[in-house]
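*Asks:* All chains, full assembly: derive it from the sequences and hints.
2 protein chains.
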Amino acid sequence: MSKIAVLGTGTVGDTIGSKLVELGHEVMMGSRTAGNEKALAFVAKHNGKAGAGTFAEAAAFGEMIFNCTKGVSSVEVLQSAGAENINGKILIDVANPLDFSKGMPPSLSFVNTHSLGEEIQNTFPEVKVVKALNTMWCGIMVHPAMIGGGDHHTFISGNDAGAKETVKGLLQTFGWNEKNIIDLGDITSARGTEMYLPLWLRIFGATQSGAFNIKIVQ
Amino acid sequence: MSKIAVLGTGTVGDTIGSKLVELGHEVMMGSRTAGNEKALAFVAKHNGKAGAGTFAEAAAFGEMIFNCTKGVSSVEVLQSAGAENINGKILIDVANPLDFSKGMPPSLSFVNTHSLGEEIQNTFPEVKVVKALNTMWCGIMVHPAMIGGGDHHTFISGNDAGAKETVKGLLQTFGWNEKNIIDLGDITSARGTEMYLPLWLRIFGATQSGAFNIKIVQ
Numbered sequence: 033m034s035k036i037a038v039l040g041t042g043t044v045g046d047t048i049g050s051k052l053v054e055l056g057h058e059v060m061m062g063s064r065t066a067g068n069e070k071a072l073a074f075v076a077k078h079n080g081k082a083g084a085g086t087f088a089e090a091a092a093f094g095e096m097i098f099n100c101t102k103g104v105s106s107v108e109v110l111q112s113a114g115a116e117n118i119n120g121k122i123l124i125d126v127a128n129p130l131d132f133s134k135g136m137p138p139s140l141s142f143v144n145t146h147s148l149g150e151e152i153q154n155t156f157p158e159v160k161v162v163k164a165l166n167t168m169w170c171g172i173m174v175h176p177a178m179i180g181g182g183d184h185h186t187f188i189s190g191n192d193a194g195a196k197e198t199v200k201g202l203l204q205t206f207g208w209n210e211k212n213i214i215d216l217g218d219i220t221s222a223r224g225t226e227m228y229l230p231l232w233l234r235i236f237g238a239t240q241s242g243a244f245n246i247k248i249v250q
Numbered sequence: 033m034s035k036i037a038v039l040g041t042g043t044v045g046d047t048i049g050s051k052l053v054e055l056g057h058e059v060m061m062g063s064r065t066a067g068n069e070k071a072l073a074f075v076a077k078h079n080g081k082a083g084a085g086t087f088a089e090a091a092a093f094g095e096m097i098f099n100c101t102k103g104v105s106s107v108e109v110l111q112s113a114g115a116e117n118i119n120g121k122i123l124i125d126v127a128n129p130l131d132f133s134k135g136m137p138p139s140l141s142f143v144n145t146h147s148l149g150e151e152i153q154n155t156f157p158e159v160k161v162v163k164a165l166n167t168m169w170c171g172i173m174v175h176p177a178m179i180g181g182g183d184h185h186t187f188i189s190g191n192d193a194g195a196k197e198t199v200k201g202l203l204q205t206f207g208w209n210e211k212n213i214i215d216l217g218d219i220t221s222a223r224g225t226e227m228y229l230p231l232w233l234r235i236f237g238a239t240q241s242g243a244f245n246i247k248i249v250q
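So the protein sequences, as listed, match chains L and X. Heads up: the first sequence begins at 33 in the numbering used here, then just goes up one per residue. Heads up: the second sequence begins at 33 in the numbering used here, then just goes up one per residue.
Among these hints, one or two may not hold up.
As the list claims (entries may be wrong) - SDA-like mimics (lysine to any residue), calculated; alpha carbons at most 25 Å apart, straight line:
no., chain 1, residue 1, chain 2, residue 2
1, X, LYS134, L, SER141
2, L, LYS211, X, MET178
3, L, LYS211, X, LYS200
4, X, LYS81, X, VAL104
5, L, LYS211, X, LEU233
6, X, LYS200, L, GLY217
7, L, LYS134, X, ASN154
8, L, LYS134, X, ASN144
9, L, LYS200, X, LYS81
10, X, LYS211, L, ALA243
11, L, LYS200, X, PHE236
12, L, LYS211, X, GLY67
13, L, LYS200, X, GLU108
14, X, LYS200, L, GLY237
15, X, LYS200, L, LEU233
16, L, LYS200, X, ALA238
17, X, LYS211, L, PHE236
18, L, LYS102, X, THR145
19, X, LYS211, L, GLN240
To be clear, the hints were calculated from the coordinates, so they are not data collected in a lab.
*Replies:* Right, dumping it as structure tokens:
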């Protein structure tokens with residue numbers, strides 16, 4: 033079991049954090065201010081089996097870090113967490129750079145020759161960034177068997193082979209079958225999974241349900 | 033059976049054109065110059081059951097038009113085909129705006145708040161543009177049963193409900209089951225299917241095969 037920081041108090045952070053607690057990990061939820069209401073509710077829900085703190089406190093606590101913050105502010109959040117608290121660690125980047133400021137559906141802040149995953153990696157070269165799980169609703173991230181008997185796919189991208197192996201192992205404890213975890217390559221391949229989001233949003237619109245994922249049929 | 037123009041002499045045009053001939057349609061392949069070698073080879077292959085001409089000749093011939101040209105030059109091609117030859121007709125846009133000029137993997141010429149499908153629709157307001165089939169290798173477009181018993185998905189986008197129904201019917205003659213054709217909405221939803229291409233390219237890179245498609249698992 034590991035000490036894991038979950039940065040972000042939204043539904044994604046709460047869902048992933050709860051799963052990690054359920055799996056027996058020590059979890060600290062990080063937020064902008066120490067007294068964040070959602071973070072305190074998360075702690076209360078887990079009867080003291082989880083903690084809460086500032087982004088910096090959570091990052092310092094975690095041996096591994098989940099970035100579950102809004103993609104447009106993730107780099108700023110990580111800067112406030114402090115490079116000294118995240119360097120050398122695995123950072124699982126679940127966020128998407130969705131920009132709602134130009135109306136619906138949202139645009140992506142990074143496209144084509146750039147991605148949020150790369151922006152984080154470039155900003156913090158000593159962090160082992162692994163992009164993962166960002167192509168689905170969070171309920172499915174931690175419970176893939178919820179749909180299709182779990183036989184659908186998730187992707188990982190990152191520059192550090194060892195870090196990707198660790199994340200693959202963690203995803204398997206979430207219920208993912210190893211054969212359903214596709215390693216797309218280095219962190220530049222995060223462009224692919226992030227740019228899938230506009231299609232995800234359109235499928236969500238057409239089917240009126242976010243409880244879906246894609247399966248690669250060969 | 034219909035008279036159908038296939039604009040573009042690449043693998044996509046050849047594959048779709050051949051399927052249309054096989055289904056008994058009258059097909060004319062359009063290219064920049066009347067004597068295009070690939071177009072003449074296409075005609076020869078089909079023993080005179082298909083024709084070839086300029087973009088304008090093919091467009092004038094077709095009651096329905098497939099755009100199988102390279103996405104970065106599609107608008108220019110359609111302009112050379114002539115608005116008078118395409119207005120009022122259904123144009124099935126299979127192309128993706130892949131820009132290889134900035135290196136590999138290619139970028140998209142249109143992203144976020146724009147797409148090739150919309151660019152064509154905006155340039156030719158009287159054409160019934162239906163974006164379709166652009167999320168897979170052409171072999172699967174016309175033979176979905178090649179993988180997974182045909183149980184995977186394709187998408188359509190367009191402003192004209194009647195045109196989308198017609199295209200849905202045509203796709204069913206290609207072998208697509210009606211329930212596997214997802215109507216994503218108006219032509220702005222082409223942003224979703226076009227922006228999926230970077231992920232398609234990364235999956236292709238990881239699996240070393242283009243013979244795949246995605247299935248929406250719910």
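*Asks:* Next pair to validate is LYS134 of chain X with SER141 of chain L; report whether the Cα-Cα distance is within 25 Å.
*Replies:* Between LYS134 of chain X and SER141 of chain L the Cα gap is close to 19 Å, so the pair holds against 25 Å.
*Asks:* Is the hinted pair LYS200 of chain X and GLY237 of chain L satisfied, with a Cα-Cα distance of at most 25 Å?
*Replies:* holds, 19 Å
*Asks:* Next pair to validate is LYS200 of chain L with LYS81 of chain X; report whether the Cα-Cα distance is within 25 Å.
*Replies:* Not satisfied, since the Cα-Cα distance of roughly 53 Å exceeds 25 Å.
*Asks:* Straight-line Cα separation of LYS200 of chain X and GLY217 of chain L no greater than 25 Å?
*Replies:* It is violated: about 36 Å lies between the C-alpha atoms, which goes past 25 Å.
*Asks:* Quickly compare the C-alpha distance for LYS200 of chain L and PHE236 of chain X to 25 Å and report which way the hint goes.
*Replies:* holds, 20 Å
*Asks:* Are LYS211 of chain L and LYS200 of chain X close enough, with their CA atoms no more than 25 Å apart?
*Replies:* Violated: LYS211 of chain L and LYS200 of chain X sit about 33 Å apart, past 25 Å.
*Asks:* Given the hint that LYS211 of chain L pairs with LEU233 of chain X, does the C-alpha gap stay at or below 25 Å?
*Replies:* With Cα atoms ~19 Å apart, LYS211 of chain L and LEU233 of chain X stay inside 25 Å; holds.
*Asks:* Within 25 Å, alpha carbon to alpha carbon, are LYS134 of chain L and ASN144 of chain X?
*Replies:* holds, 10 Å
*Asks:* Has the given pair, LYS211 of chain L with GLY67 of chain X, been kept, meaning a C-alpha gap of at most 25 Å?
*Replies:* Given that 25 Å is the threshold and the Cα spacing comes to 49 Å, the pair is violated.
*Asks:* Quick one, are LYS200 of chain L and ALA238 of chain X close enough, alpha carbons at most 25 Å?
*Replies:* The given pair, whose Cα atoms are some 16 Å apart, holds under the 25 Å limit.
*Asks:* Please work out if LYS211 of chain L and MET178 of chain X have their alpha carbons no farther apart than 25 Å.
*Replies:* holds, 21 Å
*Asks:* Has the given pair, LYS81 of chain X with VAL104 of chain X, been kept, meaning a C-alpha gap of at most 25 Å?
*Replies:* Given that 25 Å is the threshold and the Cα spacing comes to 30 Å, the pair is violated.
Of the numbered hints listed earlier, those contradicted by the structure are 3, 4, 6, 9, 12, 13.
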